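Asks: Chains A and B supply the protein sequences, listed in that same order.
Be aware that the first sequence starts at 1, since it is given in the working numbering, and climbs by one per residue.
Be aware that the second sequence starts at 1001, since it is given in the working numbering, and climbs by one per residue.
These are calculated hints, taken from the structure and not from any lab test.
A couple of the hints might just be wrong.
To be verified - Chain A stretches covered by chain B per the calculated footprint, using a threshold of three residues with CB under 8 Å from any CB of chain B: (1) 22-34; (2) 92-105; (3) 124-135; (4) 199-206; (5) 217-226; (6) 236-246.
As the list claims (entries may be wrong) - Partial list, computed: chain B residues near chain A (C-beta under 7 Å): (7) Val1010; (8) Ala1110; (9) Ile1122; (10) Gln1171; (11) Ile1215; (12) Ile1239; (13) Phe1242; (14) Val1244.
Fair warning: this is a prediction, and the values are worked out from it, not measured in the lab.
Glycine residues also receive a C-beta, built at the ideal position from the N, C-alpha and C atoms.
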Amino acid sequence: MAPLSDTSSPAGGLRMNPVLGIRLAIIVVLLCLWEIVARSGLLYQDVVPPLPAIGRALVALLASGEFYSNLTITAYEVALSVVIGGLLGLVVGFVLGGSLFMEVAYERYLYYLGPTPKIIFFPIMIMWFGVGTGSKIAMGALSCFFPVALATATGMRQIAPILIRVGHSFRASPSQMIWKIYLPAMRAPVVNGMRLGFGIALIGVLLAETKLSKEGLGFLVIQNYQLFDMPAMYALLIVIFALAIVINAVISRIGGGTPKGVRNAKSSG
Amino acid sequence: MAVPRQANPVVLPVLTGLATIVAAIAIVEVLVRLAVINPYIVPRPSEVVLALGRIVAEEGVVHRFLVTAGEGLAAAVLVTGIGIPAGIVLYRYRLLREAVETWVAAMSAAPIVLVYPLFLVIFGRSIWTIVAIGTLAGLPPVILLTLEGLTAVRPVLVNVGRSYRLNGWQQFTKILFPAALPSIFSGLRIGLIFAMINIVGVEFLINFGGLGPLINELAERYDMPGTYAAICFVVLVSICFFLVVERLEKWLR
Chain A
1 MAPLSDTSSP AGGLRMNPVL GIRLAIIVVL LCLWEIVARS GLLYQDVVPP LPAIGRALVA
61 LLASGEFYSN LTITAYEVAL SVVIGGLLGL VVGFVLGGSL FMEVAYERYL YYLGPTPKII
121 FFPIMIMWFG VGTGSKIAMG ALSCFFPVAL ATATGMRQIA PILIRVGHSF RASPSQMIWK
181 IYLPAMRAPV VNGMRLGFGI ALIGVLLAET KLSKEGLGFL VIQNYQLFDM PAMYALLIVI
241 FALAIVINAV ISRIGGGTPK GVRNAKSSG
Chain B
1001 MAVPRQANPV VLPVLTGLAT IVAAIAIVEV LVRLAVINPY IVPRPSEVVL ALGRIVAEEG
1061 VVHRFLVTAG EGLAAAVLVT GIGIPAGIVL YRYRLLREAV ETWVAAMSAA PIVLVYPLFL
1121 VIFGRSIWTI VAIGTLAGLP PVILLTLEGL TAVRPVLVNV GRSYRLNGWQ QFTKILFPAA
1181 LPSIFSGLRI GLIFAMINIV GVEFLINFGG LGPLINELAE RYDMPGTYAA ICFVVLVSIC
1241 FFLVVERLEK WLR
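With the sequences and hints as input, model every part of the structure.
Replies: Set out below in structure tokens:
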């Protein structure tokens, strides 16, 4: 993971605090180790390419039109799958969270289906939606649905009853209740669910692209693998990881919370 | 989740849930028979059930299951053996923790599975590629929750240790570690589930190993009921794994 680190290294100031110093030291040590392994010939040089080669590949990647056209396709697929899966998840979450009966009747199935490997549904998605972008979007939406639904349902149950009573005493209509009481009170868990949902929708789409497609970033990764162009593959993985981490941070900023992936993974099973 | 809050009112909704599923399957069966749903892309549920019996009998499911379980076990050992010590080290060295904790958290948000072509190059199409991805995916929760568990130990407990004049090692083995165990176990539960999801996923993607390739092979034969049955089978195995790990965690606590 050495090349990943340099994307998150902050610029060094004149007066370094110890944490920053340790971070820089770790990055430098990892990069040096990487370079030593690359030049020693212990592993195939192709597997651990020298850093300048990865750097050149990164520049070449960011300068190529091919990257941006494939990025657009993947971004389109992920965006649509988050919209579809997220909206379905919100609706189902509202239904499950709003009624004890529905919760007891149906939530266990979502809870148990949530942590299954979604990619294995890909053959079915291909049959239903074709080999093009349709099946990728379906994969992403299917992945996104579960964490959003479960987080919404849990979030709805955690609303302080007094807020709901305030709404009722103002004789709010059902739609007013949703827009003025429930959604604002649930912002944190819903945004959190969306963040998790985005993360695994991205994984679903990219994996589906590596399995069977002719466009998208996942396809580029697997194409680099087949051409055995390792520097290009590293460059691409660095860019994808950086994008994923940045978008994740942005979404959790919207939710007003600190990015704590693991805590929330619990609620989504 | 759906914890029975009172004894009686639970029966009706549970039955409703089951009835909905049965009814949905029956409706699909009818619609496929009437060819309202294209029978070439959705097989009849009854055929899928029959195919389920067939693949269990003919496709070496026990062996496949054992292969996947073995990979899961290897990843579990690695995740435990690397994750818990890593969490302890980060707890012990505060500066290191401040430097690295956000990186570990960021890793858990990154699409780690996507590096599988990298491991394909390093390990080839072998179980080690699968185990490596499973381990990478399972590590972040174990590290973070070990760290969190150790940090959240109540000061009272630590003070008890102090008043007995425990040395550093005793303080750790007798007070800190036992007190952190519940959190470590939930880290392990999440980590193992992440590992297992990724193991089955990568098996499917690289068409190697146990349960994952089963789906591939049946899909490539255009064995429609078989493909659906294989997917159902793998989903059922995942759910069983999930239930077992959940029970285990509760029992260990």
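Asks: All hints are to be evaluated individually against the structure, with a verdict given for each.
Replies: Taking the hints in turn, this is what the structure says about them:
1. 22-34: It holds, with 3 qualifying residues against the three required.
2. 92-105: holds (count 6)
3. 124-135: Coverage by chain B holds here, the residue count being 3 at a Cβ distance below 8 Å.
4. 199-206: holds (count 4)
5. 217-226: Holds, because 5 residues of the region 217-226 of chain A bring their Cβ atoms closer than 8 Å to Cβ atoms of chain B.
6. 236-246: holds (count 5)
7. Val1010: 6 Å, holds
8. Ala1110: 5 Å, holds
9. Ile1122: 5 Å, holds
10. Gln1171: Because about 25 Å separates glutamine 1171 of chain B from the closest Cβ in chain A, which is outside the 7 Å limit, the hint is violated.
11. Ile1215: 5 Å, holds
12. Ile1239: 5 Å, holds
13. Phe1242: 5 Å, holds
14. Val1244: 12 Å, violated
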